[in-house]
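A.B. asks: What follows is each chain in one-letter form.
Protein chains: 2
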Amino acid sequence: MAGKKVLIVYAHQEPKSLNGSLKAIAVEELSKQGCNVVVSDLYEMQFEPRTTRKDIVGNLYNPKEFNYGVEAWEAWKNGHLSEDLIEEQKKVKEANLLIFQFPLYWFSMPAIMKGWMDRVFVQGFAHDFPKCYDSGLLKNKLALLSFTTGGDKGMYSDGGVSGDIRYLLWPMQHGMLHFCGFSILAPQICFAPEYAAQEERRQMLTSWQQRLKTIWEEEPINCTPEWYYK
Amino acid sequence: MAGKKVLIVYAHQEPKSLNGSLKAIAVEELSKQGCNVVVSDLYEMQFEPRTTRKDIVGNLYNPKEFNYGVEAWEAWKNGHLSEDLIEEQKKVKEANLLIFQFPLYWFSMPAIMKGWMDRVFVQGFAHDFPKCYDSGLLKNKLALLSFTTGGDKGMYSDGGVSGDIRYLLWPMQHGMLHFCGFSILAPQICFAPEYAAQEERRQMLTSWQQRLKTIWEEEPINCTPEWYYK
Chain H
71 MAGKKVLIVY AHQEPKSLNG SLKAIAVEEL SKQGCNVVVS DLYEMQFEPR TTRKDIVGNL
131 YNPKEFNYGV EAWEAWKNGH LSEDLIEEQK KVKEANLLIF QFPLYWFSMP AIMKGWMDRV
191 FVQGFAHDFP KCYDSGLLKN KLALLSFTTG GDKGMYSDGG VSGDIRYLLW PMQHGMLHFC
251 GFSILAPQIC FAPEYAAQEE RRQMLTSWQQ RLKTIWEEEP INCTPEWYYK
Chain L
71 MAGKKVLIVY AHQEPKSLNG SLKAIAVEEL SKQGCNVVVS DLYEMQFEPR TTRKDIVGNL
131 YNPKEFNYGV EAWEAWKNGH LSEDLIEEQK KVKEANLLIF QFPLYWFSMP AIMKGWMDRV
191 FVQGFAHDFP KCYDSGLLKN KLALLSFTTG GDKGMYSDGG VSGDIRYLLW PMQHGMLHFC
251 GFSILAPQIC FAPEYAAQEE RRQMLTSWQQ RLKTIWEEEP INCTPEWYYK
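Read top to bottom, the protein sequences are chains H and L.
Residues in the first sequence are numbered consecutively from 71, following the working numbering.
Residues in the second sequence are numbered consecutively from 71, following the working numbering.
Chain H on its own, in the form it takes in the complex (with noise of 0.2 Å):
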């Protein structure tokens, strides 16, 4: 929709990656309608993951004793926390949609992703008890996890070995997203792309332009625990 802000946080090495064609995809299609699109390419950025002292500039609030969460959350207040955080914040404060385009890594998101949300959502920034959930400070903006996995459909279902994929997206769109305020979409989810046949990858590609071509009249999920477990 013209004039949408939209902020895809990329984490694949491989621009050939089917992850690397459906971020392209995304940015065609939504550029395409007129939203305005960020990437933020993770791996090329070689995005720091780890949460250290270096994320604070000057001087630390309790020097005798680190606290990330304290430091993090006092150098927010006084503009003190490092500047591709400060620039990562002010790209997610534009964003009406955020999605997150990754490979499944152990029911998770890859390390260098876990970092961004780590480092970026700061308290202060992306909530500050007790605004959280509902009230969390990012509220307003749609949050949508788009992966691909390693083990098939089959897998990941009701009495499969690995249990609902539902069960493993709790965490990320409950505790992360959801908890900051976001409104969560649908998940994209490619199961197996590496044993699909190539028409199969063709088809998830086009899955997920047509999706986005209607993206902006979803309705968020319903971000409860029984949507998740029941």
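Hints should not be assumed to be uniformly reliable.
Same chains, same names: a pair is fine if it fits in one copy or spans any two.
Below 20 Å or equal to it, Euclidean Cα-Cα: the simulated EDC-like pairs (lysine to aspartate or glutamate) are [said to hold, decoys possible]: (1) Lys209 with Glu288; (2) Lys124 with Glu84; (3) Lys223 with Asp198; (4) Lys134 with Glu264; (5) Lys201 with Asp222; (6) Lys134 with Glu114; (7) Lys160 with Asp111; (8) Lys223 with Asp234; (9) Lys201 with Glu264; (10) Lys201 with Glu144; (11) Lys134 with Glu84; (12) Lys209 with Glu164.
Worth flagging that the hints you see were computed from the coordinates, not collected in a lab.
Note that this is a predicted model, so its numbers are computed, not measured.
Chain H is already provided as a structure; the job is to place chain L on it using the hints.
C.D. replies: For chain L alone, kept in the frame of chain H given last:
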């Protein structure tokens, strides 16, 4: 138990933290029992969490399209993984019990520890389809998550805003550890130590120490979806 080998994978920036104390107590108590205890202090080691081309020494298997999983697998087979990974894999191979000590970040482990999972548990070393879950390559080893939370126990209960704590254990205990064959000991959870009185914090340390005295007699949990969701 004398002669047993334990690897503690530890992720906290501050030795004076409760996580630091929990780690120190485990080293002390298990050493006293005659166990051989090794610690991977991830922040101290400046452990690299990102999965990149640098993990493969020398030529790539497919230089035209980088696929981390495939490259790491091939590198493992040919002894071409980077030195820091080989070092961690040796520690894992030796260990009877792995303890992961960390503060919960976003319903999961900090990125630096997620990166340890992403990089160390390489196909061929930790799993090799269909050798996964009960037949994972690290079977006959025990794993235990020991962590602190920001939210209190009420938030992480059935009906609490953050849901039953077991929901967030699933990806870590089942998707990462059980997948590689580990038997899982019940997690050790310290709820909201930052809001606890000094006496309560002391109690958290004592409980852990007491539990460790009989840790080798514990039965693993029954790692099925029912344990997590029913």
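A.B. asks: Against each hint, give a clear statement of whether it holds in the structure.
C.D. replies: Evaluation of the provided hints:
1. Lys209 with Glu288: For Lys209 and Glu288, the Cα distance is within 20 Å only inside one copy (16 Å; across copies 44 Å).
2. Lys124 with Glu84: Intra 28 Å, inter 14 Å, cutoff 20 Å: inter-copy only.
3. Lys223 with Asp198: Between copies only: 19 Å across, 38 Å inside.
4. Lys134 with Glu264: The answer is between: 16 Å across copies meets 20 Å, while 50 Å in one copy does not.
5. Lys201 with Asp222: between (38 Å within a copy, 16 Å between copies)
6. Lys134 with Glu114: Between copies only: 17 Å across chains, 36 Å inside a chain, cut-off 20 Å.
7. Lys160 with Asp111: Within one copy only: 15 Å inside, 33 Å across.
8. Lys223 with Asp234: Within one copy only: 9 Å inside a chain, 26 Å across chains, cut-off 20 Å.
9. Lys201 with Glu264: So Lys201 and Glu264 pass the 20 Å test across copies only (18 Å; inside, 41 Å).
10. Lys201 with Glu144: within (17 Å within a copy, 47 Å between copies)
11. Lys134 with Glu84: between (42 Å within a copy, 10 Å between copies)
12. Lys209 with Glu164: within (13 Å within a copy, 48 Å between copies)
Consistency note: the structure conflicts with none of the earlier hints.
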